[in-house]
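Construct all of the structure, not just a fragment, from the sequences and the given hints.
Same order as they appear, the protein sequences are chains A and B. Add 1 to a position in the first sequence, counting from 1, and you land on the number used in our numbering. Add 1 to a position in the second sequence, counting from 1, and you land on the number used in our numbering.
Hints are computed from structural coordinates only; laboratory data are not their basis. Predicted model, so just to flag it, every value in this text is computed and none were measured. Each hint can be trusted.
Taking lysine-lysine pairs in the DSS-like style, the calculated list, with each CA pair at most 25 angstroms apart, reads:
1. K614/A <-> K603/A
2. K403/B <-> K393/B
3. K537/B <-> K537/A
4. K678/A <-> K403/B
5. K45/A <-> K124/A
6. K614/A <-> K393/B
7. K403/A <-> K227/B
Protein chains: 2
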Amino acid sequence: MLGGMQYVLIAILCSFVGLGTAAYYAFWVLKQDPGSALMQKISKHIQEGALAFLGREYRVIAVVLVLVAIAMGLFLSSSGGWVMSIAYLVGAVFSGSAGFIGLTIATRANSRTTHAATKSMPKALEVAFRGGAVMGLTVAGLGLLGVSLCFVILLFASGLVGGADGLTIIPGATLTIFGLSIPAATIFSDVIPGFGLGASTIALFARVGGGIYTKAADVGADLVGKVEAGIPEDDPRNPAVIADNVGDNVGDVAGMGADLYESYVGAIVAPLALGSLYLGFKGALLPLLIAAVGMVCSAIATLFVRGRENGHPGRALSTGTYGAAILTLIACYFLVMMLLPAGTEFISGIGATLVTHTVINPVGFFVAIFIGLAAGMAIGQASEIYTSDAYKAVKRIAEAGKTGPATVILSGLATGMQSTAASIVFLAIAMGVSYFAGDWAMPAGGGIFAVGLSAIGMLATTGIVVAVDAYGPIADNAGGISEMSHQGPEVRAITDSLDSVGNTTAAIAKGFAIASAAVTALAYFQLYAEKVGLLKTGINILDNNVIIGLFIGGMFPFLFSSMAINAVGRAAQAMIEEVRRQFREIVGLREGREGVEGEYGKCVDIATSAALKEMVLPATLTVALPILMGLWSARALGGFLAGSLVVGFLLAIFMANAGGAWDNAKKYVEGGELGGKGSDTHHATVVGDTVGDPFKDTAGPSMNILIKVMSVIAVVFAPLFTRL
Amino acid sequence: MLGGMQYVLIAILCSFVGLGTAAYYAFWVLKQDPGSALMQKISKHIQEGALAFLGREYRVIAVVLVLVAIAMGLFLSSSGGWVMSIAYLVGAVFSGSAGFIGLTIATRANSRTTHAATKSMPKALEVAFRGGAVMGLTVAGLGLLGVSLCFVILLFASGLVGGADGLTIIPGATLTIFGLSIPAATIFSDVIPGFGLGASTIALFARVGGGIYTKAADVGADLVGKVEAGIPEDDPRNPAVIADNVGDNVGDVAGMGADLYESYVGAIVAPLALGSLYLGFKGALLPLLIAAVGMVCSAIATLFVRGRENGHPGRALSTGTYGAAILTLIACYFLVMMLLPAGTEFISGIGATLVTHTVINPVGFFVAIFIGLAAGMAIGQASEIYTSDAYKAVKRIAEAGKTGPATVILSGLATGMQSTAASIVFLAIAMGVSYFAGDWAMPAGGGIFAVGLSAIGMLATTGIVVAVDAYGPIADNAGGISEMSHQGPEVRAITDSLDSVGNTTAAIAKGFAIASAAVTALAYFQLYAEKVGLLKTGINILDNNVIIGLFIGGMFPFLFSSMAINAVGRAAQAMIEEVRRQFREIVGLREGREGVEGEYGKCVDIATSAALKEMVLPATLTVALPILMGLWSARALGGFLAGSLVVGFLLAIFMANAGGAWDNAKKYVEGGELGGKGSDTHHATVVGDTVGDPFKDTAGPSMNILIKVMSVIAVVFAPLFTRL
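Structural data, given as structure tokens:
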């Protein structure tokens with residue numbers, strides 16, 4: 002048997018496998034031909050815009066980080082305090098770095114993909130996918146590395162784990178750091194969640210701010226360009242066109258990356274903390290090792306993604322995703338059987354009375370991992386069924402266009418609402434089966450731990466899921482660049498086919514991101530209950546404080562969504578006014594006179610300012626509300642978290658799928674059905690698409706962050722919430 | 002002191018005051034001049050259509066009633082059984098009768114209001130309001146009478162209550178009926194809820210079926226009449242015009258009446274059952290007497306409603322509503338102080354250990370009644386603020402019309418979402434304050450009882466609230482009849498001013514109906530927990546079954562809404578095809594040739610069939626889901642009810658206010674703002690209005706019924722749910 006230190010070193014090694022592969026792909030992408038001078042110029046504009054946004058955003062975040070870190074150090078001094086502050090900053094810096102690296106490569110892969118498309122589809126697919134894989138593998142690699150480092154530094158440096166097998170927390174051991182003594186057993190539940198909060202802080206800004214940015218730019222560019230000035234999409238005469246392309250990267254690459262980084266870290270951190278309580282050190286180790294195994298399998302599976310001349314590019318991507326899943330499952334089976342063989346005994350290290358737990362059927366834990374992974378894929382597929390024009394929901398919305406925009410809207414809203422049923426059923430099955438399997442694996446305690454395992458099971462292959470998702474905006478940008486650099490129809494055909502696959506993968510990734518947010522928040526929720534002592538007494542819905550919390554928690558996702566939708570409206574308005582000003586003041590811009598260029602940077606700037614300004618109120622409420630509820634009553638906060646989790650999940654699915662369905666109904670008509678482009682039916686579906694934009698790209702994805710951030714805040718600040 | 006029998010007789014007497022006033026108004030309305038021959042003919046068409054719908058609906062309901070009654074008798078034989086079946090049938094028949102009477106008078110008051118409008122505004126207001134008051138007072142009167150009769154028959158006929166004060170349940174007493182012995186103390190919690198389920202069954206059909214009917218007729222008539230044939234609204238050439246006017250009555254009179262009848266009965270029944278457990282017979286009596294007092298005050302307050310020449314008709318209606326509220330509160334103060342003076346002691350009659358409760362501060366119970374009534378009014382007012390064009394939300398939606406329909410939709414959706422916050426806060430305050438006040442009034446047990454009292458406080462003035470609401474469709478119909486019978490502009494001006502007030506009162510009544518549904522469902526929810534024994538153990542959100550229930554319960558309102566929205570679409574389609582057929586086959590109809598008339602009855606028929614057919618699946622699910630959940634696990638059903646309550650309430654507010662705001666944004670533009678009728682902005686707001694129709698009149702109001710029906714089913718079938 003290996004000792005504890007060796008296992009964690011293996012996890013670190015696995016993270017290096019991921020990061021190394023990412024580095025290889027990054028250099029590979031940079032070595033590709035960046036295309037013609039015009040392509041390079043456009044790509045450079047996008048790069049500069051994206052980095053300008055990121056720079057402004059990171060400066061704001063830095064202030065927030067420092068303030069929160071100080072608050073944690075001061076107010077939580079009895080339970081981690083400054084040590085947690087450090088974990089918090091490391092978590093945030095790692096997430097921010099992943100976003101920076103991913104965005105840097107993605108915005109360089111775009112023109113290279115366009116250029117590759119002038120050669121062949123497989124080549125273009127390879128460039129776009131490898132560009133996305135840098136983001137995916139960096140997100141997972143840095144997440145895993147960060148949590149592993151917390152392990153090493155906090156525990157082994159102080160020799161708190163030992164015993165005959167090197168895998169036992171020494172009873173009563175304490176870690177002394179900054180003159181503060183922390184009981185070893187509570188490090189997992191008190192200190193490491195700080196790392197998760199760091200990830201959440203970045204995600205909040207990246208997803209909400211990025212979501213407002215991308216749709217303000219998109220809607221603004223469309224309304225003023227297509228509608229007012231009558232110039233087509235992606236036309237370089239439109240000064241907002243670069244901001245629009247920047248938005249794709251900021252929202253879909255950096256935003257989605259930070260979102261899944263947060264889920265990934267949360268899905269390791271929360272089960273790890275719960276596992277340490279029920280299964281000692283091995284329980285903390287298992288989630289980490291599942292992630293490590295998934296990391297390596299994801300890196301291997303990126304090699305499976307190869308386009309074939311005349312093959313469907315979507316097939317290549319699926320091969321990668323499913324390949325990673327199968328490999329991970331096989332490896333996890335052996336991992337569980339080796340680490341927790343039947344008969345393994347544990348003594349719960351926390352609580353007034355010590356309890357002995359015995360693992361009876363370890364395969365039950367494997368089942369939980371399996372069902373989590375399967376549920377993630379199933380929920381993703383359900384999104385696909387409601388949002389792809391290969392199925393009848395989207396066709397029905399397009400048909401509704403025959404009687405005008407109102408019926409398109411109603412049909413889309415009904416589709417989004419209906420789609421919640423399938424996702425909820427899959428989620429419920431995953432929770433039910435994993436709890437049951439965990440309870441069977443280890444009576445008393447195994448159930449809750451297993452629900453956490455299903456979360457990390459779902460997220461183990463984050464590396465390749467994010468890779469496939471980040472591929473989408475690269476392909477989309479490549480299409481935009483091929484348009485702006487006046488490529489021929491064969492090239493456009495290739496970039497279009499890559500882009501259309503990107504829409505499908507985006508829908509699946511969205512479903513997956515929502516499901517992973519729900520299971521992560523659920524795991525944090527249980528950890529919160531454990532920390533405030535409610536896991537024993539329960540959180541009783543009949544209790545007046547709890548039901549009030551449930552109502553207010555349920556309301557907040559609605560309130561937040563309304564703020565996000567209005568924010569897009571206001572920010573788009575600012576953008577429209579700037580573009581109008583440029584058309585008015587820059588002579589020859591609208592006519593496309595040679596050598597005249599819009600002030601692209603100004604538009605990027607305005608969208609950036611507006612996005613950052615608009616997120617102040619919703620972000621503040623997201624942080625403040627759970628703390629206020631908790632200070633009032635820890636039970637009320639329990640109800641609040643449950644309410645926001647259920648409603649946030651439902652609204653996320655509803656808005657993502659309604660928005661996706663409208664988008665594809667429009668594209669279906671544009672593909673020549675029901676009268677095609679320019680028909681009344683088309684106009685009606687365009688209305689649906691415009692309504693869907695802030696739904697699916699701003700308010701919807703914000704829900705993922707909302708439910709995770711609020712639950713991790715509850716975990717971190719739990720020591721303050723003593724009034725049950 | 003009066004004995005128990007006398008108190009109940011007083012309640013019965015009060016119900017006769019209400020019913021007597023209703024009868025007086027009914028005869029008064031019928032004595033008014035029914036107007037010209039043409040007015041009478043149109044009114045007759047509407048009457049016949051409404052009664053045809055009601056007849057068809059009641060025949061379907063009769064089958065359901067018999068089946069459910071038999072099921073109750075067979076499966077619940079150990080706890081009420083056939084006795085409960087009888088209470089169930091009585092509850093349903095009383096509710097059905099109220100609907101029949103109210104609808105009969107309302108459809109006769111319409112042409113009389115039109116005729117009165119040829120004389121003066123105050124006269125027309127009086128006719129319309131008194132027509133509505135028949136519905137309001139009948140609903141409340143029959144509700145109160147029914148519950149009182151259950152009291153008398155079940156208890157006093159068997160002499161189960163006695164003691165020195167005549168107000169004590171004799172320990173161990175049993176009621177023998179149909180050869181079945183029922184413990185006296187459980188009659189309140191086991192048998193009387195059957196009466197509530199009867200009310201709920203009618204409400205389910207009236208609200209959901211009526212909601213589908215009214216919007217199918219409205220949307221169908223609009224699309225084929227205004228859009229295709231180019232004839233104005235309320236034009237007699239449109240064969241769907243009568244069905245449209247029937248829809249107003251079926252949806253807003255019968256549907257809203259059945260909805261509030263259900264809330265009213267539930268708000269008496271649930272606190273009554275809970276009260277009997279904590280406060281013995283007096284605890285059962287208090288909710289009944291609050292309702293009785295509110296009944297008389299409502300009847301008196303109807304006399305305050307008098308229009309003044311040049312006065313604002315809305316003012317007269319408000320005087321009535323607020324007058325009733327103030328009178329009721331004053332009376333309730335004395336009632337509480339007299340019935341439950343400080344020092345009153347009770348022994349809980351149920352449970353393994355007997356506990357003595359002592360009333361310490363009876364005024365706390367009064368505070369709960371007060372806060373319930375205030376919350377109902379506040380939530381109604383909040384609806385008004387988000388849906389009236391006197392406030393900025395509606396103006397902002399209209400402004401958004403300048404950039405097209407998409408921004409109108411987004412702005413309306415955001416407004417609806419935002420409006421949930423205010424309502425939730427008022428509801429939370431009411432729950433928090435009433436619980437706190439109740440606990441202060443009587444430690445241990447007083448809190449939960451007081452939350453129930455706040456429900457009946459909110460609903461005590463149901464008589465006048467329904468009267469004011471039912472006034473709306475009468476005024477609306479009167480406007481339609483004055484159009485169809487070609488009245489002059491002065492008459493139209495009067496009916497328009499009455500109609501516009503009706504829109505405001507409808508918005509307030511909608512908010513009130515939602516709030517009352519929530520508190521009623523909450524009271525049933527607690528009763529359910531008590532009956533399955535979960536009030537003692539609690540319903541723990543951390544429990545896997547409970548959280549799965551919470552998720553599925555939260556999902557169902559979304560699923561139900563999607564079914565309701567799609568149902569309207571399909572039913573409207575059937576209507577459109579029928580109208581097209583008539584235009585095609587009936588020569589001279591479209592041109593309005595003298596003597597040629599559409600087959601109005603056919604249209605009514607088609608809308609009726611479609612509505613009844615479309616409600617089969619959602620209604621079946623509403624009944625079946627809670628039973629299936631309960632059979633799986635009583636705890637899961639607890640989570641399910643909480644989830645559906647929170648999400649159902651949120652969606653109800655969201656959809657009602659978004660729909661109302663769109664409606665008034667359109668009317669605001671039609672009033673001449675932002676370009677007025679026919680402008681692009683107007684077209685954009687029309688899209689919003691069309692989307693809002695099934696939101697505010699079908700799916701939204703269905704949520705009220707959904708949450709009440711599911712919780713009362715849980716209460717009634719609780720004895721089957723033994724697996725905790």
